[in-house]
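Please model the entire structure based on the sequences and the hints provided.
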Amino acid sequence: MSHLSPFQTFLLLSIVKIIVVFVITLTAVAYTVLLERKVLGHMQNRWGPSRVGPFGLLQPLADGIKLFLKEDLLPMAAERPLFIVAPIIALTCALVSIAVVPFGAAHHIYANGIGVDMFDISNINIGLLVILGITSIGVYGIALSGWSSNNKFSLLGSLRATSQVISYELALGLSLVGVVLRAQSLSLRTIVDSQSAHGLLSWNFFGGYQFVAFFIYLMAAYAETNRAPFDLPEAESELVAGYHTEYSSMKFAMFFMAEYANMITVSCVATLMFFGGASSPLGHLLPANFGGPILTAVFPVLWFVAKVFAFLLLYIWVRGTLPRFRYDQLMSFGWKFLLPLAMANIIITSLVLALHG
Amino acid sequence: MQLALFIIFGALAVAGALNLLLQRHPINSALSLVVVMMSLAVLYWSLGAEFLAAAQVIVYSGAVMVLFVFVIMLLNAGEEERTSGSRAAYIAGIPGAAAIFCLLSFVFLSEQKALGVANLGGHLDNGLNNIAEISQVLFTKQLLPFEVTSVLILVAILGAVVLARKEEQ
Numbered sequence: 001m002s003h004l005s006p007f008q009t010f011l012l013l014s015i016v017k018i019i020v021v022f023v024i025t026l027t028a029v030a031y032t033v034l035l036e037r038k039v040l041g042h043m044q045n046r047w048g049p050s051r052v053g054p055f056g057l058l059q060p061l062a063d064g065i066k067l068f069l070k071e072d073l074l075p076m077a078a079e080r081p082l083f084i085v086a087p088i089i090a091l092t093c094a095l096v097s098i099a100v101v102p103f104g105a106a107h108h109i110y111a112n113g114i115g116v117d118m119f120d121i122s123n124i125n126i127g128l129l130v131i132l133g134i135t136s137i138g139v140y141g142i143a144l145s146g147w148s149s150n151n152k153f154s155l156l157g158s159l160r161a162t163s164q165v166i167s168y169e170l171a172l173g174l175s176l177v178g179v180v181l182r183a184q185s186l187s188l189r190t191i192v193d194s195q196s197a198h199g200l201l202s203w204n205f206f207g208g209y210q211f212v213a214f215f216i217y218l219m220a221a222y223a224e225t226n227r228a229p230f231d232l233p234e235a236e237s238e239l240v241a242g243y244h245t246e247y248s249s250m251k252f253a254m255f256f257m258a259e260y261a262n263m264i265t266v267s268c269v270a271t272l273m274f275f276g277g278a279s280s281p282l283g284h285l286l287p288a289n290f291g292g293p294i295l296t297a298v299f300p301v302l303w304f305v306a307k308v309f310a311f312l313l314l315y316i317w318v319r320g321t322l323p324r325f326r327y328d329q330l331m332s333f334g335w336k337f338l339l340p341l342a343m344a345n346i347i348i349t350s351l352v353l354a355l356h357g
Numbered sequence: 358m359q360l361a362l363f364i365i366f367g368a369l370a371v372a373g374a375l376n377l378l379l380q381r382h383p384i385n386s387a388l389s390l391v392v393v394m395m396s397l398a399v400l401y402w403s404l405g406a407e408f409l410a411a412a413q414v415i416v417y418s419g420a421v422m423v424l425f426v427f428v429i430m431l432l433n434a435g436e437e438e439r440t441s442g443s444r445a446a447y448i449a450g451i452p453g454a455a456a457i458f459c460l461l462s463f464v465f466l467s468e469q470k471a472l473g474v475a476n477l478g479g480h481l482d483n484g485l486n487n488i489a490e491i492s493q494v495l496f497t498k499q500l501l502p503f504e505v506t507s508v509l510i511l512v513a514i515l516g517a518v519v520l521a522r523k524e525e526q
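Line order of the protein sequences matches chains L and C.
Numbering-wise (my numbering), the first sequence opens with residue 1 and increments by one.
Numbering-wise (my numbering), the second sequence opens with residue 358 and increments by one.
Relax, there's no trap hidden among the hints.
Footprint (simulated), chain C over chain L, 3 or more residues, beta carbon under 8 Å:
1. 123-133
2. 142-148
Taking CB as the label site, the calculated pair distances span:
3. Ser248/L to Gly453/C: 47 to 57 Å
4. Ala446/C to Ile88/L: 35 to 45 Å
5. Ile88/L to Val416/C: 19 to 29 Å
6. Phe215/L to Leu501/C: 33 to 43 Å
7. Ala449/C to Phe215/L: 51 to 61 Å
Honestly, the hints are just simulated from the structure, not real lab data.
Note that the Cβ used here is the ideal one computed from N, Cα and C, for glycine as well.
Have a look at this one:
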C-alpha cells in the first residue's frame, strides 16, 4: 500500500468510511422502524411484529422484500420527472448529513504520510451549518412530491409540510446559537470538545445552562421531521397519507427511510450539541486509558450510540403519548412561543458570556 | 482542483440560468434557479468563503426558493403561454446585453489592479476563522450599512404585515 500517494490514501480510506457508515445508517434506519413498531405495540398493550425470526427481528428484511416486489404505480396525471425525483431528493438529503457527524473521539490512523480520522467521515469547520443547509434542501423532496402527484390530499400535505418546516427552521437554528456561542465554533468536533472537560457536569444541557435551548431544539426538530405531535403533513385522519398518498413500492419506501434517517440525524445533532457527543458522562472517574487502546477508541462510540438510541426511544415515546396539534396551534406555537424564547435564550447566553466568559 | 470545480459549477450555473428562461412551467423555472443558487454556493466555497456558501444554501436555496415553490404550488400556476416576443426585445435586447457584457468585462479587466485579484481556492488572511473575519468586518468597518440593511428588511416585514392583514369591518 506504500506506493499510493497521500491523496489516493485519503480517497481510499474516505470511500471505505463512507461505505461503512452508509451500511450502518441504513441498517439503523431499518431497525428503528422495528423498534418503533415494537415499542408502540407494547405501549398499546399488544406484541408488535413477532412472527418473522426470533422476536420479529427479521421483520425489516421481510418489509424490504415486500416493498421491493410491489408494483410501482405511476399516476396518469402525475408530473413524471418531478414525481420520480422527489423521493430521491428526500432520501439523499436525509442520508448525506450524517457525513459530518463525529461518532467517536478523534482517533487518527496514519498511513503514507496522511492522518485520517477513523470516527468521522469529514471534519469541516462549518459542520453545523452543513447539516442545517442539507436539512433545508430536504424540504424540496416533500414539497415536490405533493405537487407532482396531482392529488388534493398530497398537495395539502406538502403545503402543510413546507410551511411547517420553514416556520420551525428558524426556531431550530436560533436554539443552536447559544451552544455555538459557548463553543465559539461551528465545527461539531470543537463543540463536542468544549463540553467534555468534566463529564456529565460540563455538557451543555447541565453545565452550560442550555436546557431551554435544548427543549426548543427538541420541539422544533420534531416539527422539522414531521413526527408526532407535529405530523400534520401526513395526518391520516384528514389527508389519507399526506404527501406520499400516490406513492407505492420503493418510492414510498424511500420517503419512509428518509423520515427515519432524519430522525437519526436529529438525534445525532441533539447528542452532539447538548449531551457531549461521544464524550463519557463519567468524565475523569474512569482513567483515560481504561481497558487498553482498542477499548479507549470504542468506548466513545458506544456512548454516542447509547445517547442517540435514548433520543430515538424518546421520539417513539412521544408518538405513543401525545395527540396531534391543530394547524393554527402549530403555527402560533412556533412563531409566538418558540421563536421569542429562542431569541431570549441567545440574548441571555451572550450577556452571561460577555460578563463572565 | 479549484479550476475544475469552477468550470463544472460555473457551467452548471449558466445552464441552470438558461433553463430558467427556457422552461415553460414556473415550477421548473424555480427549480432551475435553485440549481443556480447551489452552484454559486459551490463557487463561493471554492474561493474559500465557506460561511458565505453555507449561508447561500440555507437562506436562498433553503428558505427563499422554498417560498417561491410554495407560492407556485399554492396558486397552482399553469404553463405559461408562448408568444413570439416583442420585436423591440429582439432588436435592442440582444445587442444591448452583449454590449453590457463587453463593457463590464472591459472595466473589470482594465481595473484589475485597482480591484485586486482573489486567488481561486482558500484565501484567508492571518489564519483567522472565516466566520470571525466576516463578523469583525460587519460589526466594525461595515456597521452602518449592516444596520441600515437590517432596518430596510424590518420595513419590508412591516409592509408585508400591513398588506397581509385583513381589513377590519
